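Student: First to last, the protein sequences are chains A and B. The opening residue of the first sequence carries number 1096 in our numbering; numbering runs sequentially from there. The opening residue of the second sequence carries number 1096 in our numbering; numbering runs sequentially from there.
Hint data in this document are derived by calculation from the structure and do not stem from the laboratory. Treat the hints with care, as some may be off.
If several chains are the same, the list does not tell them apart, and a pair holds so long as it fits within one copy or across any two.
[Stated by the list, open to error] Derived lysine-lysine pairs resembling BS3-like cross-links, with alpha carbons at most 30 Å apart: (1) K1175 with K1131; (2) K1123 with K1098; (3) K1126 with K1106; (4) K1098 with K1175; (5) K1106 with K1175; (6) K1106 with K1123; (7) K1128 with K1175; (8) K1175 with K1126; (9) K1098 with K1128.
Note that the structure is a prediction, hence the values are computed from the model and not measured.
Number of protein chains: 2
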Amino acid sequence: MEKLTDNEIEKALQGLQGWSLNNGSISKSFKFKDFKEAFSTMTRIAFECEAQNHHPNWENVYNTLNIALNTHDVGGVTQKDIRLAQSIERIVGA
Amino acid sequence: MEKLTDNEIEKALQGLQGWSLNNGSISKSFKFKDFKEAFSTMTRIAFECEAQNHHPNWENVYNTLNIALNTHDVGGVTQKDIRLAQSIERIVGA
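The task is simple: from the sequences and hints, build the whole structure.
Tutor: What follows is the structure, given as structure tokens:
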């Protein structure tokens, strides 16, 4: 899995809503109605992560969820991160 | 719910394993076998948080979980945090 260039990442992010490139990760903050909504969504995302064998750096405080994705092995962003971000968008939007 | 003094917090932490006081929160880092174990434990903790109506600031990366507890309304640590930390210890140890 090859590390994407910043240009390639920015191009891929145009197909996503609200994700940005920061410090070698792509990230987005989400806000939900309450903790239950936030954690329920995290659970659905967790199953998808496990299926893709790719895992986020994520932080939750009550109804907020911050997700950052990168590919540890290459020290940057790869198609695995773009793919997981797309899945997360589908899950959150569903 | 009253804010505990640093002395009261330190005394309460003596009854817990590996929790420490940092920046007005009590915190602990956990390590699990893999993501599934980490997230399964988070799920069990999430139900307890909801039951206690008290929620953590927590961060997960693969098999690691960092939890910080404080009581936002009083800007410090209260018995609610101590109680939740005790519950978390029971869940993780179970």
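Student: State for each hint whether it applies.
Tutor: Going down the list of hints, with the structure as the test:
1. K1175 with K1131: Both ways: K1175 and K1131 sit 28 Å apart in one copy and 19 Å across, limit 30 Å.
2. K1123 with K1098: Answer is within: at 20 Å inside a copy they meet the 30 Å cutoff, but 33 Å across does not.
3. K1126 with K1106: Answer is within: at 25 Å inside a copy they meet the 30 Å cutoff, but 36 Å across does not.
4. K1098 with K1175: For K1098 and K1175, only the intra-copy Cα distance (10 Å) is at most 30 Å; the inter-copy one is 45 Å.
5. K1106 with K1175: Within. Shortest intra-copy distance 15 Å satisfies the 30 Å Cα cut-off; inter-copy 46 Å does not.
6. K1106 with K1123: within (16 Å within a copy, 39 Å between copies)
7. K1128 with K1175: For K1128 and K1175, both the intra-copy (29 Å) and inter-copy (23 Å) Cα distances are at most 30 Å.
8. K1175 with K1126: Both ways: K1175 and K1126 sit 24 Å apart in one copy and 24 Å across, limit 30 Å.
9. K1098 with K1128: between (36 Å within a copy, 27 Å between copies)
In the structure shown, no violation is registered for any of the earlier numbered hints.
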